[in-house]
Amino acid sequence: MQVYLPIAETSVNAFTLLGVGGGVGMLSGMFGVGGGFLITPLLFFIGVPPAVAVATGVNQVVASSISGVLAHLKRKTVDLRMGLVLLLGGLIGSIIGIWFFNLMQRLGQIDLIVQLSYVIFLGIIGALMFNESLRALLRAKNPNAPRRKLHTHIWVHNLPLKMKFRASGLYISVFPPLLVGVGVGILAAVMGVGGGFVLVPAMIYLLGMPTKVVIGTSLFQVTFVAAFTTMAHAVTNQSVDVMLAIFLILGGVIGAQIGTRVGLRLKAEQLRILLALLVLAVCGKIAFDLLWTPSELYSITIPGRF
Amino acid sequence: MRALVLILLIFVALPARSEEVIAGLSQNRVSLTVNFEGSEILIYGAVRRDAPLPEGPLDVVVSVEGPPMPAIIWRKARRAGIWVNTESQEVRAAPSFYAVASTAPLRDILSPDADLTHRISTRLAIFEARTAPEARDPAAFTEALIRIREDEGLYQSRENAVALERDTLFSTRMTLPKNIVEGRYAARVFLVREGEVVDVFETVIDVQKAVLERWLFNLAYQQPFLYGLLALALAVFFGWGASAAFRLVR
Chain A
339 MQVYLPIAET SVNAFTLLGV GGGVGMLSGM FGVGGGFLIT PLLFFIGVPP AVAVATGVNQ
399 VVASSISGVL AHLKRKTVDL RMGLVLLLGG LIGSIIGIWF FNLMQRLGQI DLIVQLSYVI
459 FLGIIGALMF NESLRALLRA KNPNAPRRKL HTHIWVHNLP LKMKFRASGL YISVFPPLLV
519 GVGVGILAAV MGVGGGFVLV PAMIYLLGMP TKVVIGTSLF QVTFVAAFTT MAHAVTNQSV
579 DVMLAIFLIL GGVIGAQIGT RVGLRLKAEQ LRILLALLVL AVCGKIAFDL LWTPSELYSI
639 TIPGRF
Chain B
219 MRALVLILLI FVALPARSEE VIAGLSQNRV SLTVNFEGSE ILIYGAVRRD APLPEGPLDV
279 VVSVEGPPMP AIIWRKARRA GIWVNTESQE VRAAPSFYAV ASTAPLRDIL SPDADLTHRI
339 STRLAIFEAR TAPEARDPAA FTEALIRIRE DEGLYQSREN AVALERDTLF STRMTLPKNI
399 VEGRYAARVF LVREGEVVDV FETVIDVQKA VLERWLFNLA YQQPFLYGLL ALALAVFFGW
459 GASAAFRLVR
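Taken in order, these protein sequences are the chains called A and B. Numbering-wise, the first sequence is residues 339 to 644 according to our numbering. Numbering-wise, the second sequence is residues 219 to 468 according to our numbering.
These aren't lab readings, by the way, just hints derived from the structure by calculation. Among the clues, some could well be false.
[To be verified] Heads up, incomplete: computed chain A residues facing chain B, CB under 8 Å, no partners named:
1. Gln340
2. Pro344
3. Ser405
4. Ile542
5. Leu544
6. Val573
7. Leu629
8. Leu635
9. Ser637
10. Ile640
11. Pro641
[Claimed, not checked] Taking lysine to any residue pairs in the SDA-like style, the calculated list, with each CA pair at most 20 Å apart, reads:
12. Lys396/B - Thr354/A
13. Lys623/A - Glu607/A
14. Lys502/A - Ile542/A
15. Lys623/A - Ser306/B
16. Lys396/B - Gly385/A
17. Lys294/B - Thr631/A
18. Lys623/A - Ile451/A
19. Lys623/A - Val302/B
20. Lys500/A - Leu426/A
21. Lys412/A - Phe464/B
22. Lys412/A - Trp458/B
23. Lys294/B - Ala625/A
24. Lys412/A - Gly459/B
25. Lys500/A - Asp627/A
26. Lys294/B - Arg444/A
27. Lys396/B - Leu434/B
28. Lys294/B - Asp627/A
29. Lys412/A - Leu466/B
Treat the numbers as computed from the prediction; the structure is a model and nothing was measured. Glycine included, C-beta positions come from ideal geometry on N, C-alpha and C.
Given only the sequences and the hints, what does the whole structure look like? Please build it.
Given below as structure tokens:
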């Protein structure tokens, strides 16, 4: 069965879309990742124009994180103050990202920019995840291995404008969280991801936040930044495709429910290696497309369309 | 009623020409619904004549042209190992869809002059912009445009695809692929004798998004803020609603 996408102005197979949404949803249920960084490139592969894939991907992020953030707010595992600082940074970053995105689209380079940023980020994330899970596997075999120290005070914390973040037990400058927020906002706007995969490690290692508030606070920031970015894409370049989003969301919600149950029964470390390999494979495919001589050197863009 | 008017018109116009073409379409309306997978339109008709059949072969050319749009064609080149769009060329207007079917290869039946006047072959349906002086090999860009759109089924040039019986009845099938855009599509039928067009019949195919798709598209472009809110509302509704539903089931 084909679905006609009114904004992308093409038809794609409904089951492929549900499959992409469901597959990524399953992974996100299993690993607790948002999955935006997989949905957007998979949409490129099935022929959705990159601009539409990015804007719609970020809309899907809202759907996949909203119920999580509500649950965390109820459990009070959100550092609201930190969340708001990160959010402020995120909104600034999103505006910068949207401006950059529209500029690159006018110059005809948006596909390249999106693909390049995916190669870089998926490459880094995949390699880090692979390394981390390999170490976790080794640690599981050898329980006496030394653990890494979590919180260290580094120079960025001592910049001016210090602020108390009670829920996190931190007294640090607002600049590090603000800048982290800006970075994540840019990623959301340019890549159509929530940015949790950058935000969570940054919160733990750079800001030194306690793990119990990290997930809730990052979901809080991601949800609102994604919502803002969706609006910004819709208003500035009309590239959000609601029909596409609905199929991805439906697939994703169902997939996530299955994934959560499957995840409980499987071994986490081995699964993480698989996820890392998957991320690296997607990265490799995009890199290959950029490096390999294309069969068609020409492409067509229609001003104002995708 | 429309047919009646048509016949009347033909009678009024009759003394001027010795051969007339009358054509009909299996459908004048194409609706791009959610499950649109392309459409096939039968174009058929007859040649009407008062005088006895003239000497020489008669040919029929049928074309369908989608709404023209400007386009930018990009050429990639390798920069630092990566394939990047480096050169571009603008096209003032290129039909978003163009199919031409004929009883024989166009170059055998149509004089270059007649082709140019009526802009029948695909190459002539595209209006190039004034070439930028720095562009190398500007013709390659237009050729690429045609090649890419042919691969997507958006441009079709089908020789020998019109069936003509006893120099009077003709028919052909036009395939509209799934990736067409909406708008008014011009369908034309040309009668060709000795390289010249002796009569033309024109009609319009209305390609429209179905109600919901049209509404969404218009909302996105005319009320983008409301559209964005709608996208968010749907995301919240489905995202939150579905996990609430699953909780209920458990």
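Exercise for the section: Kindly indicate which numbered hints from before are broken by the structure, ordering the numbers from low to high. Expected result: When the structure is compared with the hints, numbers 4, 5, 13, 15 and 25 turn out to be violated.
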